[in-house]
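> Guided by the hints, dock chain B onto chain A, whose structure is given.
Sequence lines, in order, name chains A and B. Going by numbering that gives the first Met the number 0, the first residue of the first sequence is number 0, and it counts up by one from there. Going by numbering that gives the first Met the number 0, the first residue of the second sequence is number 0, and it counts up by one from there.
Hint data in this document are derived by calculation from the structure and do not stem from the laboratory.
Treat identical chains as interchangeable: a pair holds within one or across any two.
Straight-line Cα separation of at most 27 Å, BS3-like style, residue types lysine-lysine; simulated pairs:
(1) Lys505 - Lys362
(2) Lys81 - Lys208
(3) Lys326 - Lys258
(4) Lys283 - Lys506
(5) Lys10 - Lys360
(6) Lys10 - Lys362
(7) Lys81 - Lys57
There are 2 protein chains.
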Amino acid sequence: MASLIALAQYKSQRAALIAEDRSHRREFRRTNLRSEQEIEADSIVRRIRAAEAETIWKEDHSSIPHPFPGMEFLTGKAIIMKTKLFEILSKMPKGALLHAHLDATVNAEFLLQLAMEQPAIHVRLNEALTPANLSTNLPQFRPLPEAEFSSLSSLTDVSYPLGSWVPLKAARASFAPEFGGPEGFDKWVIGSMTINPSEAYGTHNTVAKIWQKFTSTFITSTGLIRFEPIYSEYIRQFFRSSIDDGILYVEPRINFFPKFMVGADGQDNIPHREWLVMFDRVLKEVKGEMAQQGRGFIGARIIYTTLRFITPEELEWYIEDCMALKKEFPHLIAGFDLVGDENALRPLIDYAEPLLHFREKQKEAGVDIPFIFHAGETLGDGTEADINLYDAILLGTKRIGHGFSLVKHPKLIKTCREKGIAVEVCPISNEILRLTSSMLMHPLPVLLNNGVPVALCSDDPSVFGNMGLTYDYFQVLAASEVNGLSTLGTLARDSIEFSTLNAEEKKEAIVVFERQWNEYIEHIINHWK
Amino acid sequence: MASLIALAQYKSQRAALIAEDRSHRREFRRTNLRSEQEIEADSIVRRIRAAEAETIWKEDHSSIPHPFPGMEFLTGKAIIMKTKLFEILSKMPKGALLHAHLDATVNAEFLLQLAMEQPAIHVRLNEALTPANLSTNLPQFRPLPEAEFSSLSSLTDVSYPLGSWVPLKAARASFAPEFGGPEGFDKWVIGSMTINPSEAYGTHNTVAKIWQKFTSTFITSTGLIRFEPIYSEYIRQFFRSSIDDGILYVEPRINFFPKFMVGADGQDNIPHREWLVMFDRVLKEVKGEMAQQGRGFIGARIIYTTLRFITPEELEWYIEDCMALKKEFPHLIAGFDLVGDENALRPLIDYAEPLLHFREKQKEAGVDIPFIFHAGETLGDGTEADINLYDAILLGTKRIGHGFSLVKHPKLIKTCREKGIAVEVCPISNEILRLTSSMLMHPLPVLLNNGVPVALCSDDPSVFGNMGLTYDYFQVLAASEVNGLSTLGTLARDSIEFSTLNAEEKKEAIVVFERQWNEYIEHIINHWK
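The following block holds chain A by itself, in its conformation from the complex:
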């Protein structure tokens, strides 16, 4: 009897300890406010997750040796797409997408189709294509002025003069049968703009190696995207596909590093303000379209970015450029960032002086362009990339892009929790770029249990294949017994809460979101009970 009492006491202490350990979790703050329906839907989802962990994830799948929930995305994707959990999450309202590089947001197949419609787009090679170099000998694209259109008809013909431009359509049509003909051409081009499993998990299985491949995808795709007639359609598709995945609002990062993009006339002559005019026009069109269809879409704002290899002196030009754009398009410019591989490029401290200046100038000009810095996207401990976290926070960053190494820093975790600095966590990106080997090794639970606000993001979905946000939400739900539907709901709400929308806009967005959420809960109960 005494021992029964002791055991009961033990179990109650234990429940209290677990609750206290989880008390910082942001969904915990609303746990008691959840509707009966949400509690029911949460338990339905947990039941399906548990059942699928024992069935589909334990079955034999050809060419997937030992699958598990949260496994390497590029290998596991085929299984993920067969699960009920994925089907359920694809319907989930996702709130805001706060971390995505615009140039990597649209399906590579779609981009290639857009390009095929443009006679100006040409392709070339500097080295002859062979079966052995097919995956490393990458196509170079660019739009040409009409006067320079080429009459060459093949990249793979023995007579092809290396380095010469060939019209895209002709190059595709004449692609040699030994390389798979036109379908082989598509595969080759798409392969050059995406990362495949044998690269991520085999040939390029370290952070340094995979970044080489990752960077090369941008070099290829930029030749297609940064062409005025394609750019507008690219942005449109980004909006539409995001909305289709249940995203309400987007804050893409646009890389303003080159000062011009190619115009319809094939000349490098479209300045940054024209990019924003295009963005604004397409945004209005898509908003109109969605309003007509009665679908929720709050809008989009841009995080201005340049690259971390410029000098601090060169940064001054971009700061002026960003300020000028903000004055002309105050509703579009939402923040400022510097991007690129933190492990290889300049640390934030190199730019501290111009960035401190930038803050002063903003005050003087009466504009507000918050810093929203990438920082800590690294495995390093005390390396420059890891140290970037201190600078990001001291410089007043509104959110942290990635913050993968933040979990190592108790003081910074506290600061993020207390000051409400959200972390833009990109689970699939982190895994493919080899910061973590699977979702099970990802530090996200550390952030959640410490009450750091988190928004889930896709980063570069066209390169990784994680279009929309469903895949990233899937990985987070599948890899944890703590996370449930209410966790995902909190992450989605927080993506709105920590966006750069103003108070009024946030309130409006939250109203839309809560309506969507309630419908979603009802849907789960009606369809999956």
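Same frame as chain A, now just chain B:
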């Protein structure tokens, strides 16, 4: 000018923030107490680390595609052993080894040699050996009574009756040339007791798969180790090789799961108390040997363990057994633990009732056998293995074995820091058992920056090939820019501080350690400046 002042202010805020973030680190508490010599030695080691990161770790190594400091141990070991850093660390005084399973502490080659000297040891196979099944068709060993010695002479002859015992020596001598002859036999046997890189990083590259291989190594080696004449020599070699690596004191876990081991007469008749008699005798002999040689060795104590697949009712027998051994050998029994794959076996909560009992009984009997539980050796988030951490702490564990998932639990981290519950961190074990893909992904920096006491441990070095503690210290030093020589010194000191030695013994051990440490610092300055 104003901007220069702003920048200077910024840099001083930054230095203060970094210092505050690291202020919990345990070596930080003595940073200002370090001798000039230690500061110099620390900077020598940092310089060598940085130089080697740019040289040997960036060179081409045949069959190691893209090496980096902290990489997969089994692949990188050949490079590690060529570094100056390794040479330096092999001389370092290591303090105490607090987490090692005795049955996996002696080099497999050495064990095989010991076995070769024993005519009683026999080997058998239940399935015919083929080139295809060589790595999965494992030898079974056991000592036989003299009356049952076999006259068979080959395992690989076509006439071999499957399941029959063959004397070890004969089996080796006659091992068929197609399997490599006697050297092939050694390779086959050693391969069955160790994990190789293609298993860890290829065929068994998940936690669940590698545990199957890991468990099988124990099944094989137990047939050799748990034989009275071998056991003593095995313990002796464990002590000697530990001392050779600079270890002062050891606290091995002994698995008391089977109630008897095989005696010299080939019968299963040696009870637990006899194991301790042997342990005690060998310990005294080795202490005498070391005292004669003037080498530091404080001694050894045993953590009594049984396995997590027994029932709570069966546990009562082991508790009684442990209590009886503690009464007879109070200087040898140091703690109590339950071992085995936490992801697959029973959680601690299943044993809560007998364990709470155990505490009561200890009080009544006036003995103190602290719990030193394995807990959180898992990638799970909120799984039973992860939840074990709550139970370990609530049951009053003195230290935590592994605690790999502890970093997810803010409340438990605080408890460990404040109550001085040390974590036995086993970096190489965690990596080979696929909790982390490299040292760069290991959560150790989170523990260190949160001021959780840590002792580095080798876990099962005969299986992993990380004999001694030099390899584990190497991985910790190589994979971080924060960690330096003073960090390693603090880890070594803490291994003594958080051992089960009493206050008097600790003081004595620390005196020896500090003398060794000062000699070591001098050695670094004299040889490596």
